[in-house]
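Residues per chain are reported as follows:
Number of protein chains: 2
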Amino acid sequence: MSVLAEPNRRLDADERRAQLVEAGLGLLESAPFDKIGAAEVARAAAVSKGLVFHYFPTTADLHVAVARAAAERLVGSLVTDPELPQERRLALGLEAFIAYIERAPAAYLAVSRGAGRNEGLLAVYEDARRAIVQLMVEALGYDDPPPALRIMLRGWNAMVEEAVLHWLADRPIPRERLVDLLKQAALDCVSAALAAEAAAA
Amino acid sequence: MSVLAEPNRRLDADERRAQLVEAGLGLLESAPFDKIGAAEVARAAAVSKGLVFHYFPTTADLHVAVARAAAERLVGSLVTDPELPQERRLALGLEAFIAYIERAPAAYLAVSRGAGRNEGLLAVYEDARRAIVQLMVEALGYDDPPPALRIMLRGWNAMVEEAVLHWLADRPIPRERLVDLLKQAALDCVSAALAAEAAAA
Chain A
1 MSVLAEPNRR
11 LDADERRAQL
21 VEAGLGLLES
31 APFDKIGAAE
41 VARAAAVSKG
51 LVFHYFPTTA
61 DLHVAVARAA
71 AERLVGSLVT
81 DPELPQERRL
91 ALGLEAFIAY
101 IERAPAAYLA
111 VSRGAGRNEG
121 LLAVYEDARR
131 AIVQLMVEAL
141 GYDDPPPALR
151 IMLRGWNAMV
161 EEAVLHWLAD
171 RPIPRERLVD
181 LLKQAALDCV
191 SAALAAEAAA
201 A
Chain B
1 MSVLAEPNRR
11 LDADERRAQL
21 VEAGLGLLES
31 APFDKIGAAE
41 VARAAAVSKG
51 LVFHYFPTTA
61 DLHVAVARAA
71 AERLVGSLVT
81 DPELPQERRL
91 ALGLEAFIAY
101 IERAPAAYLA
111 VSRGAGRNEG
121 LLAVYEDARR
131 AIVQLMVEAL
141 GYDDPPPALR
151 IMLRGWNAMV
161 EEAVLHWLAD
171 RPIPRERLVD
181 LLKQAALDCV
191 SAALAAEAAA
201 A
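So the sequence lines, in the order shown, correspond to chains A and B. Letter by letter, the first sequence follows residues 1 to 201 of the working numbering. Letter by letter, the second sequence follows residues 1 to 201 of the working numbering.
In case anyone wonders, no lab produced these hints; they're calculated from the structure. Positions of the beta carbon are idealized from the N, C-alpha and C atoms, including for glycine. Take these hints with a grain of salt, some might be off.
[Claimed, not checked] Pulled a few chain A residues facing chain B out of the computed Cβ check, cut under 7 angstroms:
#1 Glu83
#2 Pro147
#3 Ala148
#4 Arg154
#5 Met159
#6 Ala163
#7 Trp167
#8 Pro172
#9 Arg177
#10 Leu181
#11 Gln184
#12 Asp188
#13 Cys189
#14 Ala192
#15 Leu194
#16 Ala198
So here's chain A without its partners, still in its complex pose (with noise of 0.2 angstroms):
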């Protein structure tokens, strides 16, 4: 249900927070980060250029605001049912992370590259990925994992990201393999970090 169905009702200070919010997510898919300001969205909410400065002064704190809803809602596609086997939630975490950037490449380009731009945006890709890694962990069995399993699944995220970006450029191999090759990397990474803590202990 889209609160945009209601342009007439009152919102309330959240609800209207999360319309623009929402507003600059839709624009993300379509438009690169760069040419998303307050006109944007306000025209996309149907509402008024202030009212959009009254919730986000300035450019960048809706640039936050729109990476963050975005990293959330990815670092959400990415949680799968505990039930299934690890490698069955591997590929599917894969699979998910690979359709998220599939429909906004350079929307997520934009953060992913753009990130050291500002302290904000910084922040939200550090937190997405530290998300990210902790949803691994929990799926290892992990509450504090050891440092060399922590060191390597933030590296493998960062192998996936960049592999993905690379492969989307031109799709030159099946994703079916791609995914393959992610995920038996992953399962290398883990049994080679356990298996240097196991032998360092």
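Since chain A is already given, all that's left is putting chain B on it; use the hints.
Using the frame of chain A, we list chain B on its own:
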């Protein structure tokens, strides 16, 4: 030999440009990338600010030139003796990469996370990634590697960057263990990619 040693000698344009970039590189080891401007470079190179502006009309031009020089230095440091066994070359390359980032992690982070800030920086970052993958492709004996291998090598590069930056925060495992894990990940990715290509052929 520093060009700064002879302040009164008249430098030709290329030498002068190189001197200014060199001064910028020096600053990068102690100051964040964002804080390096024409004034700082002029002071470090003992020249006028106007001269810096003559070669680098904008701060973005200066940043791109300094980042490119830093990236070229990084790629140069990763070249290893082709006579050595491949695993040894891989370990040496990883050690050089870690040493490079260790010297100025904030600067590396600024370029890698801030690459989306402008087209020039993004190009420097992409060119460096491409050059590093090319070093690996050549070490593996390929002119034109199969796509799965190229994708996984790109991914592995991103993994190394992320793992090293994450490790540097508190170095929770010994450096040799990090090198071993990343080396093992490369070997695993390469053999999985080649096996997938062989199965598909």
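Against the structure, the hints come out as follows:
1. Interface hint status for A:Glu83: violated, as the beta-carbon distance to the closest one in chain B is roughly 28 angstroms, over 7 angstroms.
2. With 7 angstroms as the threshold, the beta carbon of A:Pro147 comes within range of chain B, its nearest partner Cβ sitting at about 4 angstroms, so the hint holds.
3. Evaluation of the A:Ala148 hint against chain B yields a held restraint, the C-beta minimum of about 5 angstroms falling below 7 angstroms.
4. Interface hint status for A:Arg154: upheld, as the beta-carbon distance to the closest one in chain B is roughly 5 angstroms, under 7 angstroms.
5. At a threshold of 7 angstroms, the smallest CB-CB gap from A:Met159 to chain B is about 4 angstroms, leaving the interface hint in force.
6. Taking 7 angstroms as the C-beta cut-off, the interface hint given for A:Ala163 holds, the closest approach to chain B being about 3 angstroms.
7. About 5 angstroms separates the beta-carbon of A:Trp167 from the nearest beta-carbon of chain B, less than 7 angstroms, and the hint is met.
8. For A:Pro172, the interface hint holds, since its Cβ comes within 7 angstroms of a Cβ in chain B; the closest pair sits about 4 angstroms apart.
9. Hint status for A:Arg177: holds, given a least beta-carbon distance of 5 angstroms to chain B, under 7 angstroms.
10. Nearest Cβ of chain B to the Cβ of A:Leu181: about 6 angstroms, under the 7 angstroms cut. The hint holds.
11. Interface hint status for A:Gln184: upheld, as the beta-carbon distance to the closest one in chain B is roughly 5 angstroms, under 7 angstroms.
12. Annotation: A:Asp188 was flagged as interfacial toward chain B, and the flag holds, the nearest CB pair being 4 angstroms apart, inside 7 angstroms.
13. Interface restraint check for A:Cys189: the shortest CB-CB distance to chain B comes to about 6 angstroms, inside 7 angstroms, so the restraint holds.
14. The interface hint given for A:Ala192 holds, since its Cβ lies 5 angstroms from the closest Cβ of chain B, which is under the 7 angstroms cut-off.
15. Annotation: A:Leu194 was flagged as interfacial toward chain B, and the flag is violated, the nearest CB pair being 11 angstroms apart, outside 7 angstroms.
16. With its C-beta approaching chain B no nearer than about 12 angstroms, A:Ala198 sits outside the 7 angstroms limit, and its interface hint is violated.
The structure does not agree with the numbered hints 1, 15, 16 stated previously, though it agrees with the rest.
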